[in-house]
Structure formats: C-alpha cells, structure tokens
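Here are the chains, one letter per residue:
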Amino acid sequence: MTASPSYESLLGRRTEILSHSVGLDYEQFRRSRLAWDHEALMGAVGYDIDEIARIQLDNGVGATPMREARNLTALVRRVAEPGSGARIFIKDEAANPSGSFKDRRASLSVYEAKQRGYAGAVTATSGNYGAAVASQAARAGLGCIVVQEAFDSRGIGQPEIIEKARACEEFGAEVIQCSVGPELFYLSLRLLEETGYFNASLYTPFSVAGIETLGVEVAEDIRRLADRDPDVVVVTHAGGGNVTGTARGLRKAGAATTTVIAATVDLRGLHMASDHDFNRKSFTTGHSGFAFPFTVRPDRSDVPFNAARPLRYIDRMVIVSQGEVFYATEALSKLEGMQRGPAGNTSLAAALAIARELPEDAIVVVQETEYTGAGKHPWAQLAFAVANGVEVRTGSARDNVPGAVIAVPDDPRQLTVEEVDLGQVRRSYLRQALEGVEPEDLTDVDLAFLADETRLQAHEVGELVAEGVEPAAQPSGAEVVET
Amino acid sequence: MARAAGRLPSGRWVRIHRVELAPSERFAGLPRDTASVPFETWINGWLLEEADLGDRASIRTATGRVVEGELVEADPGYDHSFGAPPPELQRIGQRARELLLGNDR
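So the sequences go chain by chain: A and B. My numbering runs 9 ahead of the 1-based position in the first sequence. My numbering runs 443 ahead of the 1-based position in the second sequence.
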C-alpha cells in the first residue's frame with residue numbers, strides 16, 4: 010500500500026469518489042439548494058420490482074417462508090383483554106443465503122457492480138450486511154472488502170461482531186477490523202479510491218430497492234394465508250433502509266391500509282463514537298443510536314443523497330428495551346421452535362406488545378428474522394454484557410438503563426412499547442435540514458421537498474419555519490455509519 | 444490468540460495490526476475517550492516474506508491487496524462461543540409455557 014492520503018485531501022475528493030464508486034452522478038437529482046428528487050434517485054436503479062425479484066431469486070434470495078406464530082399469539086391472548094390479541098406472523102428472512110434480509114440489499118448492489126464492470130465491492134458494516142455482500146460477491150466472483158467497527162482500545166470486541174467477521178471471511182471477503190470511531194468512513198473512502206471497487210453502501214438506491222421485494226412478499230403472503238392485507242407491519246429500524254424499502258414494497262403491492270411501525274432498541278445515553286460505551290451495548294444494530302440520527306438527518310451517511318428516507322414512510326415509531334428483545338428471542342425459541350436473532354427480534358418484541366392491544370382478527374407481521382450462531386446469541390451477549398460491567402437481572406423495560414442495566418422481563422405482561430413523538434422527530438428533521446438556511450431564502454421547491462420528507466403539508470412546514478426551529482446541536486465527528 | 448513459536452514462513456495465514464491515525468490525527472469533535480487513543484485496524488492475509496511476530500511485515504489479503512503492518516498473530520481464528528445459560532432467560536420459557544397451558548393461577 011502506498012502512503013495514505015490525508016483526510017483533507019480525501020474528503021476534498023469525497024463526492025467524486027462516491028459518485029464514481031456508485032456509478033451515479035448524484036447531482037442530476039438535485040432540484041434546489043435543499044431539494045432533490047427521491048423518486049428519480051430510486052428510478053436510477055433501472056429495474057422494476059418484478060425484475061428485481063427475478064435477479065434475487067436467481068441468486069437464492071427472497072421468497073422466504075411466512076410463518077404464523079400461533080403459540081406466541083396464544084401467549085399474547087392469555088394476557089390481553091377479552092377479544093384482543095392479534096394474529097402474529099413472522100417473515101423468516103433467516104432463510105436467505107447469508108441468514109438475513111440483508112441479502113436482498115446486497116444482491117441488487119452486487120448484481121449492479123458486476124453489470125457495471127466493477128472488480129469488487131466495499132462495504133462498511135459490523136452487521137449482517139457485511140456477510141450478505143460477501144456472500145453475494147462470492148457468487149458473482151467479485152472481490153469483497155468489509156470494514157467493521159470491531160474493537161475498543163483494549164482490543165475487545167463484541168461476540169456478535171466477531172461472528173460477523175467470521176462469516177465474512179467464510180465467504181472469502183477481506184475483513185478490516187477497526188477500533189471505535191467514525192474514521193472508518195475515511196478508511197472506506199481510501200479503499201474505494203485504491204481499489205476502484207463498487208461502494209456497496211447501505212444507502213444507495215440499489216440497496217433500498219432490494220428490500221422492496223420484502224414488502225411485496227409480506228403483502229402477498231398474508232393475502233394468501235389470511236385472505237386480507239396485514240393491519241400492521243413492524244420493522245426493526247436503524248439506518249432507515251429496512252423501513253423505507255419495506256414500506257415502498259407494501260405500497261407497490263397495493264397494501265394501502267397497512268400501518269408501518271418502526272421499532273428500535275433503546276440505547277439512549279450511549280455515545281456511538283465512544284470507545285468506553287462501545288462494549289456497553291448488547292445490540293450492534295436495530296438501535297436508537299442509529300435510528301434517531303438517521304431519521305432526523307438521513308444524509309449524514311456514506312453517499313451524497315441517502316436513498317433511505319425513514320420519515321417519509323414511518324406511520325408510528327416505538328422503542329423497546331434490550332431486555333424485552335431478549336425476552337422475545339427466548340419466547341420464539343421456546344414456544345415456536347425458532348432460534349433467531351437476537352437483534353433482528355427487535356420488531357418481534359414490539360409486535361408482542363402491539364398485538365396485545367389490537368383485536369383478535371387483526372394481523373401483525375414481523376417482517377424479518379436473522380440467523381443465530383456462536384457469539385450472535387443471547388447467552389453470549391448477556392455474558393459479554395456482564396463481563397463489561399453491565400448488570401443483568403429480571404425486570405421490566407423501565408428498569409433498563411442502557412449501558413448499565415439490562416432488565417429481562419419474565420412475563421409477557423411486562424412487555425411494552427414506548428411511543429416516539431413523530432411530531433418532535435419532524436421538528437428535529439427540519440432543524441437539521443434548515444441549518445444555515447435563512448427562512449426567507451426557502452423556495453416553493455424547497456418547501457415541497459421538506460413537506461415530502463416530513464409527511465407534512467407545505468403550509469405546515471412553512472408555519473414551523475416561520476415559528477422558528479431552534480438551531481440544531483452540532484453533531485460530533487463526521488458521518489455516522491450504520492453497523 | 445494462537446501464537447506461533449519461531450519464524451513464520453511466507454504463505455502463512457497471519458494477522459497484522461496498523462495504527463491508521465494517531466490521536467492527534469483523528470476527527471475533531473470525538474468524545475474524549477475515543478480522541479485519546481489511536482484509530483487502529485487489524486487485517487488477516489498471507490505473509491509475503493518470512494518474519495517473526497512483532498516484525499513489520501507485508502501480507503496479501505483475500506482481495507489481493509498488499510498491506511504492511513505489525514505482525515501480531517499466526518493462524519488467526521475464532522473462539523467466540525455461547526457461554527452459560529443466564530437464569531434470567533431460563534425463567535421465560537417456563538413461565539410462558541405455564542401461561543399457555545393455563546396452570547399459572
């Protein structure tokens with residue numbers, strides 16, 4: 010390797026490197042200083058939903074089983090008011106080649122990389138997505154580099170992340186394991202420039218369009234099994250791609266009345282760039298440390314315009330605790346005979362609480378599962394938490410203190426969801442978007458864009474802007490990379 | 444971590460460690476704990492020329508890149524596991540079954 014270019018010089022070439030590495034001129038989508046055309050960006054994928062499904066099936070991805078979780082439904086009804094307790098269905102995405110729905114995102118990205126003549130793909134992720142890109146790249150005969158945030162400064166890594174590294178190596182990828190910090194983004198840029206590989210970012214239109222087939226399948230599966238549309242689809246929410254792609258797929262399938270609920274794990278109070286906090290969380294994805302920044306400021310990512318726009322698609326957003334997700338994971342094993350997750354069971358934990366409040370004839374879909382393995386397992390993760398000074402005990406969500414206490418419920422009545430005030434989230438979004446912008450400079454094109462982004466009317470955006478949204482707190486570091 | 448005695452031959456699967464950025468070179472605005480330590484990486488690959496642990500050495504990675512760093516491990520593998528069953532989890536299945544069977548009262 011030649012001498013490393015400095016930050017400043019690399020960041021100066023950022024847009025050029027990113028555009029070349031995705032094969033898209035992002036500026037063509039810009040409509041004004043603030044506005045750009047999301048649908049046009051998604052259209053740049055160039056395949057319709059049926060073609061995407063064909064590409065995925067050709068690569069062993071998708072058409073996963075939809076299972077009705079009858080015992081979990083029965084359990085919920087035991088603790089629900091008479092007549093309440095919705096039917097719970099689970100889309101078993103662990104059946105994909107590398108064990109998660111991330112294969113859908115990776116398959117289209119890697120297919121595109123191959124079509125466009127790239128020799129390989131680079132991705133920055135500590136999660137299932139790395140294994141998914143590595144798996145698809147192996148199939149396509151492309152090189153693959155996975156950059157992981159893996160260790161704290163003591164060289165200690167969470168067992169879940171170590172397992173992901175193993176899976177990536179299994180599929181033939183080069184794995185670069187990093188210490189904690191956003192400089193991982195700088196390293197990825199450097200690698201993109203050095204190798205000329207495709208940027209298999211989680212936030213390209215290819216990655217998000219690849220999830221749309223999941224939304225379509227969810228609608229079609231439920232129509233086949235229950236002869237109706239799902240009332241609620243619960244989606245584990247971190248970087249926003251899952252909720253964006255799933256909701257878009259549901260719309261494409263015509264499931265217009267389905268409510269999309271984004272569920273995220275409570276890690277509030279832990280700093281995502283903190284070396285000390287790094288090993289005090291038991292979840293490396295699906296958590297609030299990504300969900301909030303990516304919902305209020307999606308373009309703080311590793312592409313010029315992020316195709317994942319969660320606020321455009323979320324009907325309701327809820328928070329669950331790490332302990333509740335461990336409960337859901339255990340209940341899924343013991344009652345349904347399915348060993349999955351844990352992190353991917355965030356939506357299941359929320360679904361158990363949500364189903365309890367809904368009528369018996371309603372249908373709640375948990376739209377993904379993920380594989381379980383050594384390290385990526387509740388025993389390993391709780392043992393690691395204890396070894397890192399976190400107390401583990403029986404209790405309800407309110408007993409959880411992220412980074413200090415994991416309270417695991419032992420009764421389904423203790424399962425709850427905490428509602429996120431989407432009005433507040435929309436304000437936060439606007440605060441971020443309007444940073445450094447004078448309200449009088451806003452054009453109609455800007456206002457229409459902000460209205461689409463926040464699902465508000467243009468006049469409501471205008472009123473909020475006129476009221477004055479307080480200046481945003483300056484976030485530390487540079488880009489956040491979902492792990 | 445597996446440690447190998449003696450000089451490692453070229454072609455051996457090894458692990459190198461690199462300091463990518465010293466604390467003074469890191470992004471501005473990091474939390475103090477992160478800012479005070481270097482940004483480091485660890486990469487596995489095949490050793491290009493024989494070397495001892497602790498030496499500067501070059502490897503060829505799975506994608507064919509040649510990368511130099513401190514040689515820290517031979518035959519880097521994985522020993523992550525499952526561990527012991529936490530009692531907090533064991534209660535869940537039992538309690539759920541009791542509820543389902545209706546003999547919880």
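Simulated from the structure, these hints should not be mistaken for laboratory data. All residues carry an ideal CB built from backbone N, CA and C; glycine is no exception. Any given hint could be a false lead.
Label pairs and their computed distance ranges (CB to CB) [said to hold, decoys possible]:
1) B:Val-509 to A:Gly-164: 22 to 28 Å
2) A:Arg-39 to B:Ser-453: 47 to 53 Å
3) B:Gly-497 to A:Gly-445: 45 to 51 Å
Run through the hints listed earlier and report the numbers of any the structure violates, in increasing order. No hint contradicted; all consistent.
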